[in-house]
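S.K.: Here the protein sequences line up with chains A and B, keeping their order. According to the working numbering, the residues represented by the first sequence are 349 to 1100, in order. According to the working numbering, the residues represented by the second sequence are 2 to 100, in order.
By construction, these hints were calculated from the structure, which means they are not laboratory data. All C-beta atoms in this analysis are idealised placements derived from N, C-alpha and C, irrespective of residue type, glycine included. Just so you know, not all the hints are guaranteed correct.
[To be verified] In silico SDA-like links for lysine to any residue, alpha-carbon gap of 20 Å or less: (1) A:K1072 with B:L92; (2) A:K1077 with B:L4; (3) A:K1077 with B:V29; (4) A:K1072 with B:I35; (5) A:K994 with A:F715; (6) A:K778 with A:D719; (7) A:K1077 with B:D96; (8) A:K900 with A:I927; (9) A:K1077 with B:I60; (10) A:K1077 with B:A67; (11) A:K1077 with B:A93; (12) A:K1077 with B:G21; (13) A:K1072 with B:L83; (14) A:K786 with A:F866; (15) A:K958 with A:L945; (16) A:K1077 with B:I66; (17) A:K722 with A:K958; (18) A:K964 with A:R867; (19) A:K1077 with B:V56; (20) A:K1072 with B:L98; (21) A:K566 with B:L81; (22) A:K1077 with B:L32; (23) A:K1077 with B:I90; (24) A:K1010 with A:Q1022; (25) A:K1077 with B:L82; (26) A:K1077 with B:L92; (27) A:K1077 with B:L8; (28) A:K397 with A:G514; (29) A:K1077 with B:G58; (30) A:K900 with A:P806; (31) A:K1072 with B:L23; (32) A:K1038 with A:V1028; (33) A:K1077 with B:R26; (34) A:K1077 with B:I95; (35) A:K722 with A:W562; (36) A:K786 with A:F775.
[As the list claims (entries may be wrong)] On the chain A side, residues computed to face chain B include the following (Cβ under 10 Å): (37) T471; (38) F473; (39) R1071; (40) G1076.
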Amino acid sequence: MTDLLTLAATTASGLSLGITEGGSWLLRNAWLIPALPALSFLGILFFGKRMPRGGSELGIALVGIAFVLSLLTAAAWIDHRDNFEGEEVHRAVAAAEDHADEGHAAEGHAAGHPSLAVHNTVTWFELNDVTFTAGTLVDGPAVMMLVVVTLVSLLVHVYSTEYVAGDQRYTHFFAFLSLFTASMLLLVVSENTLQLLVSWELVGVCSFVLIGHWWEEKPNSDAALKAFLTNRVGDMGLIVGVTILFFTVGSALPGQFGSFSIAETNALAGAGRLSHTALLVASCCLMAAVMSKSGQFLLHTWLPDAMAGPTPVSALIHAATMVVAGVFMIARMYGVFFEGFSIGGSSINLMALIGGLTTLVGACLAFVQRDIKKVLAYSTISQLGYMVMALGVGAWTAALFHLFTHAFFKACLFLGSGSAAHAVHSFDMKSDMGGLRKHMPHTYRTFVIGSIALAGLPPLAGFWSKDEILVGTGGWGLFGGTGGNGAYTFMLVMGVTTAALTAAYMTRCIYLTFFGEFRGHGTPHESGPRIVVPLWILAGLAIVAGLLNLPKGFPLVPGSLQERFGHFVEPVAAYFPSISHGTPSWSLAIASTLVVLSGIAVAGWYYFVKVEAASKAAGESLTELPDGLTSRYPLAKMGHTFLVQKYYLDHLYTDIIAGGTKGPVAAAAYKVDQDVIDGVVNAAGENAVKAGNLVYHRFDQLVVDGIINTSGRASSGAGGELRKIQTGKVQDYAAILFAAATVLAGILIVIV
Amino acid sequence: MLLNQFLLLAAALFAIGVYGVLARRNGVLVLMSIELILNAVNINLVAFSAVRATVGGEIFALFIIAVAAAEVGVGLAMVLLLYRNRRSIDLAGIDQLRG
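For reference, chain A alone in the conformation it holds in the complex (with noise of 0.2 Å):
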């Protein structure tokens, strides 16, 4: 291995990132994961008709590899992590060293802990002297995402050849599917950020096609476009961002036009060597691409109505991977955003407050929803919030564990709701289900696990995580705790809120599905073991997920099996900030725990005690008390009605600002035609009238008559000749002009 140990790379600056090109082979050749579904769309699409099962197999087939080599790569990444002792790293640390001693590197990062990510670039292509490289850069985020993409789409690859069996696009819909995996993969492992806008447009391609995949219905396409066209808005402003940042760090690198590297650009900027306003500049720019792949607040709109797209394609890419694009892109580029928003140390900023204020949002419109997609979809909304304002806060490794753990548990919960809706044919809660428990054991066993994780009860996974994220605010310091990289208490505030209303939407959720008696038609029955193998995976890694990051000090396991998450996920190299991690506290983690369960307790009593005793009264399963808020305060029923009307933001984008621009600008152009282009093109032709009239006597008649009749015979003659070869038809035009090109081009041969 030796010759292929080389030292760990530094910059045209002399400045230390932290990263190796050693290694072991998997971790060099971390391409190969994305590279599988992308050989399995390839396939799909050219040969899947002809297979047997629509092609499916062979997706199956390559993404299960994909996850095989996915958990060796892990497994390589841990040994790595913890044993590796190699040559280059021993002179990486040595070269640190020196940089810290000059001042240069950011803490000397790579100093203390001699493990480094693994790079790996090829040239893409050059452009006179700057060169723009391709590659991997596999470190903890990264081999994270590896396994829980590939996991999550194995499963949905799975649970999809039931769902969607039959369908006249069956083939197509397996094909996007890889599309999507690949593309997501390659996001993941980008080592710069031209490479993660490209694979970032992939995703977002792929979400628009399988949004739209039954285009035949109206609704779908519009939902798909929405999506789209909302994407595109946000993409603007990573395109905007990845711009300013190539440039910026092309002004603090002597010789260099810029750079795309993520590495490169994070350690410039934890170092202190890039303008600041540039990186607040950027940053914003960068915000405004998560707020819109992440469904943050202002630009989520499309999110819940992509839900219009088969419910599978809702777990895998609108719950699990896909939305969390935006979250993993910030904690990749986290040295820009840390300094950019300076988290260290504030009580707010942009981000943390964006965060904050999706969650809150997105949990009181999951109480107005009858589509029981659409409540999981604004929880989602709520749940990625979370992470956005975890990451804000500084608490990275939390928004990641969060993001980890969410994704298993939302995975269930949307392939549970898919299954119930497969056995009712609707997705409306309201009018179609209830009672299922009885008919659907399996499906709503794994959503009630699904959803106490989703709630954030100990000991499932969904409250480590969240309790993770509620510690690392740093805002119960006023209560007595410790930790966090400032005092974001009103971020605090928020989290414990969206908590509880987590907690009450979820207990509806569950109520007006499973419980009361069935209102749809017909008899509902399980689905098959293709649907419920899947749900009962996720449902296990949601209630076990969490075990993996258990905080320090804890008290019944050693030492050893706490924060593993953390220890293995957060980089510990020059290119990551250095924040600072909470104290966990047995205070807070009560209270929260006694915040779930009061709005557990309060939707509970709503639901399982009034609303059962006026159903029985009534005779027949409600949904809602005849005589609620609602209909006796005019101020519960005017909010209730703003939450129905999604906060009139789809009214606003559509109406006010997409018709208050195009109204103006037809109005003034209709305005520029008629007043200045008519008047120009009508005097022009009342001038020309009168020369024209003048010619016409003195000139026209005499001379230029006698000329054009005699040619006009002469053309008449040749016209009926020629007119045999006008055909009318295109394609022969274009044959006797590529004919004539031909001639044309012989003749030049031969004479020159």
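Following the hints, complete the assembly by docking chain B onto the known chain A.
M.R.: Structure of chain B alone, referenced to chain A:
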């Protein structure tokens, strides 16, 4: 140098494109064939530019890509109108300009 291989690829693409323009009767396919011709030109430009180590050809290729996008937008709009009016995009049936 690999120049010849690129030129051969471009020539093959160009020929396929010409064949498509002349022989296909479906309007959309003809538009796609035109794209092939344009991309054959792009390959030539980029290949020459790479050999001569200048960026002029690549910049030209970028312009062509942008113009081609606009062209195909107009073209598809025409095909769409054709379909609305005639319920068919068969180019053989369109010969109103016959002399």
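S.K.: Would the hint linking A:K1077 and B:I60 be met if the CA-CA limit is 20 Å?
M.R.: violated (35 Å)
S.K.: Given the proposed pairing of A:K964 with A:R867, does the C-alpha separation stay at or below 20 Å?
M.R.: holds (14 Å)
S.K.: A:K1072 and B:L83: Cα distance at most 20 Å?
M.R.: violated (25 Å)
S.K.: A:K1077 and B:A67 were given as a pair; does the straight-line alpha-carbon distance stay at or below 20 Å?
M.R.: With a Cα-Cα distance of about 28 Å, the restraint between A:K1077 and B:A67 is violated, given a limit of 20 Å.
S.K.: Can the restraint linking A:K722 and A:K958 be considered satisfied, given a maximum Cα separation of 20 Å?
M.R.: Since the Cα atoms of A:K722 and A:K958 sit roughly 25 Å apart, the hinted pair is violated (cutoff 20 Å).
S.K.: CA of A:K1077 to CA of B:R26, is that 20 Å or under?
M.R.: Holds, at about 10 Å.
S.K.: So if I understand the rule, the pair passes when the alpha-carbon distance is 20 Å or less; does A:K1077 with B:G21 pass?
M.R.: At roughly 15 Å apart (the allowed maximum being 20 Å), B:G21 and A:K1077 satisfy the hint.
S.K.: Quick one, are A:K1010 and A:Q1022 close enough, alpha carbons at most 20 Å?
M.R.: Holds. A:K1010 to A:Q1022 sits at ~18 Å (cutoff 20 Å).
S.K.: Given the hint that A:K1077 pairs with B:L8, does the C-alpha gap stay at or below 20 Å?
M.R.: This hinted pair is violated, its Cα atoms lying about 31 Å apart.
S.K.: Are the Cα atoms of A:K1077 and B:L4 separated by 20 Å or less?
M.R.: violated (38 Å)
S.K.: Can A:R1071 be said to touch chain B, with a Cβ gap under 10 Å?
M.R.: holds (3 Å)
S.K.: For a C-alpha distance cap of 20 Å, please report whether A:K1072 and B:L98 respect it.
M.R.: Holds, at roughly 12 Å.
Comparing the model with each earlier hint shows violations of hints 2, 4, 9, 10, 13, 16, 17, 19, 27, 29 and 37; every other hint is respected.
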